[in-house]
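Asks: All letters in the sequence shown, in the order written, are residues 3 to 611 by the working numbering.
Calculated directly from the structure, the hints in this document are not laboratory data. Beta carbons: idealized from backbone N, C-alpha and C, even for Gly. Heads up, a few of these hints could be off.
[Claimed, not checked] 27 Å max Cα-Cα, derived BS3-like pairs, lysine-lysine:
| no. | residue 1 | residue 2 |
| --- | --- | --- |
| 1 | K540 | K324 |
| 2 | K199 | K324 |
| 3 | K395 | K591 |
| 4 | K349 | K245 |
[Unchecked claim] Here are the in silico distance ranges between beta carbons for each label pair:
| no. | residue 1 | residue 2 | range |
| --- | --- | --- | --- |
| 5 | A490 | G391 | 47 to 55 Å |
| 6 | A518 | A269 | 26 to 34 Å |
| 7 | D601 | V563 | 47 to 55 Å |
| 8 | L156 | G593 | 54 to 62 Å |
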Amino acid sequence: MAASQLYGGGTSTRMLTRELIPNTAMGRSLSLQRSSQFRNSYALVNGKRLRFIDIVARASLSTKYTQMSSPLPVMRQRRSPLLEMNYKLSSDSSVQTSDMDEGLSTEEEFVPSTSEDTFIDLNEISTSVASDKVKAELKENATNPTHELIALSLPAILGQAIDPFAQLMETAFIGRLGPVELASAGVSMSIFNIVSKLFNIPLLSVATSFVAEDISKNSSSISTSVEDHKEMNNGRPLDTMAKREQLSSVSTALTLAIGIGLFEAVALWLGSGVFLNLMGLSSATSMHAPARHFLSLRAIGAPAVVVSLALQGIFRGFKDTKTPVICLGIGSAATILLLPVLMYYFKLGVTGAAISTVVSQYIVTCLMLWHLNKRAVLLPPKLGSLQFGGYLKSGGFLLGRTVAVLITTTIGTSMATRQGPLAMAAHQICLQVWLAVSLLTDALAASGQALISGSASKGDYRSVKEVTYSVLKIGFGTGVLLTLILGASFSSLATLFTKDAEVLAIVRTGVLFVSASQPLNALAFIFDGLHYGVSDFKYAACSMMVVGAISSMFLYCAPSVFGLPGVWAGLTLFMGLRTLAGVIRLSSKDGPWWFLHKDSTRLEFSAVH
3 MAASQLYGGG
13 TSTRMLTREL
23 IPNTAMGRSL
33 SLQRSSQFRN
43 SYALVNGKRL
53 RFIDIVARAS
63 LSTKYTQMSS
73 PLPVMRQRRS
83 PLLEMNYKLS
93 SDSSVQTSDM
103 DEGLSTEEEF
113 VPSTSEDTFI
123 DLNEISTSVA
133 SDKVKAELKE
143 NATNPTHELI
153 ALSLPAILGQ
163 AIDPFAQLME
173 TAFIGRLGPV
183 ELASAGVSMS
193 IFNIVSKLFN
203 IPLLSVATSF
213 VAEDISKNSS
223 SISTSVEDHK
233 EMNNGRPLDT
243 MAKREQLSSV
253 STALTLAIGI
263 GLFEAVALWL
273 GSGVFLNLMG
283 LSSATSMHAP
293 ARHFLSLRAI
303 GAPAVVVSLA
313 LQGIFRGFKD
323 TKTPVICLGI
333 GSAATILLLP
343 VLMYYFKLGV
353 TGAAISTVVS
363 QYIVTCLMLW
373 HLNKRAVLLP
383 PKLGSLQFGG
393 YLKSGGFLLG
403 RTVAVLITTT
413 IGTSMATRQG
423 PLAMAAHQIC
433 LQVWLAVSLL
443 TDALAASGQA
453 LISGSASKGD
463 YRSVKEVTYS
473 VLKIGFGTGV
483 LLTLILGASF
493 SSLATLFTKD
503 AEVLAIVRTG
513 VLFVSASQPL
523 NALAFIFDGL
533 HYGVSDFKYA
543 ACSMMVVGAI
553 SSMFLYCAPS
563 VFGLPGVWAG
573 LTLFMGLRTL
583 AGVIRLSSKD
593 GPWWFLHKDS
603 TRLEFSAVH
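Generate coordinates for the entire structure from the input sequences, incorporating the hints supplied.
Replies: See below:
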């Protein structure tokens, strides 16, 4: 079926197809003789796809045919990789093996054509075939974004709930020792959490995006290499695919996590007294000494906490939210077992509580490292391959964003404190419920971030568009559902936190704040995940600073006029402005979300090419 022409050993890339241009219709004849060696070589492939280059490697044209066909035009060589195409041998194949030329060469008659129309350009055919092939593969490999989001989000929700549960168990055991121990440990845990959130959350978010992008780029290059090697290995997968991946983003995240963790440990150990004074706990109070001792012990676990959070971000980049849940679950079980043993059996008190928590943190970190070591090389091949610049730049933006969030929420808490102890107690109950239910949408946002990062790095904007709309719809629907649930049950739920009638009366006035703001909260968290998914860290940071400044001014002024409802209104404004900033960014045709304003056909064409 295929007739090729050689120019001094060079192979023409034009093909004459009998089915498309019959010899009877064109008034041309082509006699050929298929050699037995070539027939045997074709039979060996057992009817499987035979590449054009394989035919050329085994056959050459006869001398007479080469001379007769030399005036024909030769198409320019293609620069793109050769496609696997099905070639059928028919009686029109003027092909002989070079080894059999002397003995089997016969008279051949060939009338060359001067018409360009009798030849078909392989460039045009291959481009069309490649486009159709890639589109078919994309369609075949496409998964339902809703199902994938849910599959990633459910374990992530459970994972985010495990750590607060462990802290709650620790608080419950310490509370049995007495009010002084509980108060001192509570202040120390607040300091530890603030310092951890300030540095650790940016690292977790950046690691998720960078690792997902790195994996997508690496998998694309591997898949291309494997397809080439499969042809040389009779279609069998190579054993090299089982090897661990060398990802610079993983090594960089772990290196930074260790450095940040050691810095936090030293700062908390040496500056424990300073931090306690900043929290209003002077050295003259009876709580200062036990609080300082507790904080110093918890500082030992800072490296483990930072590394474990970085590992969670790395696993999210791998689109794996189950492994962190298993590791966190084992760590929490260890905490629950160690707390009563060390605190009561060995009579270590608050010291035993701190040791139990630190030991469980290192257990979690070691388990995650063990699992990750099966997938990726932990140590970099050389220091020059580490991506410190990208991590520090993006992490710096998110550090500024985190500071803006902490300042805004701290001002809100401070304004609630000025309303009196009853108002502060009611505010604390509302705030804890408000933050607890946000774990649902925050986990959804993290899952969306991982999916978007992987697809965007490959230029698969069609998938990014589908995931974006899916996560927004699911997030908003979740927010509406939470509004209905909390609106109907919040008054009863509040009795689990306190039995004080006056506090409960104030809490009931906050039902509107806690329930009605859930759709805004959900969208605000979702937009954060979308920004991180396309590595739009600069906009996420700058918009949060502007939103935080406006909300902080409102929080500073409104409570003096409206009381505690002014605080809740300020926090609702804070979440609403975050949502508005996300809508503005996605509506822009010039930013990283330009593809949302293109039709799906063009996006598919971009994915193919």
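Asks: It remains to establish, for every hint, whether it holds in the given structure.
Replies: To see whether the hints hold, each was checked on the structure:
no.	hint	verdict
1	K540 - K324	violated (30 Å)
2	K199 - K324	holds (23 Å)
3	K395 - K591	holds (25 Å)
4	K349 - K245	violated (49 Å)
5	A490 - G391: 47 to 55 Å	holds (51 Å)
6	A518 - A269: 26 to 34 Å	violated (40 Å)
7	D601 - V563: 47 to 55 Å	holds (50 Å)
8	L156 - G593: 54 to 62 Å	violated (31 Å)
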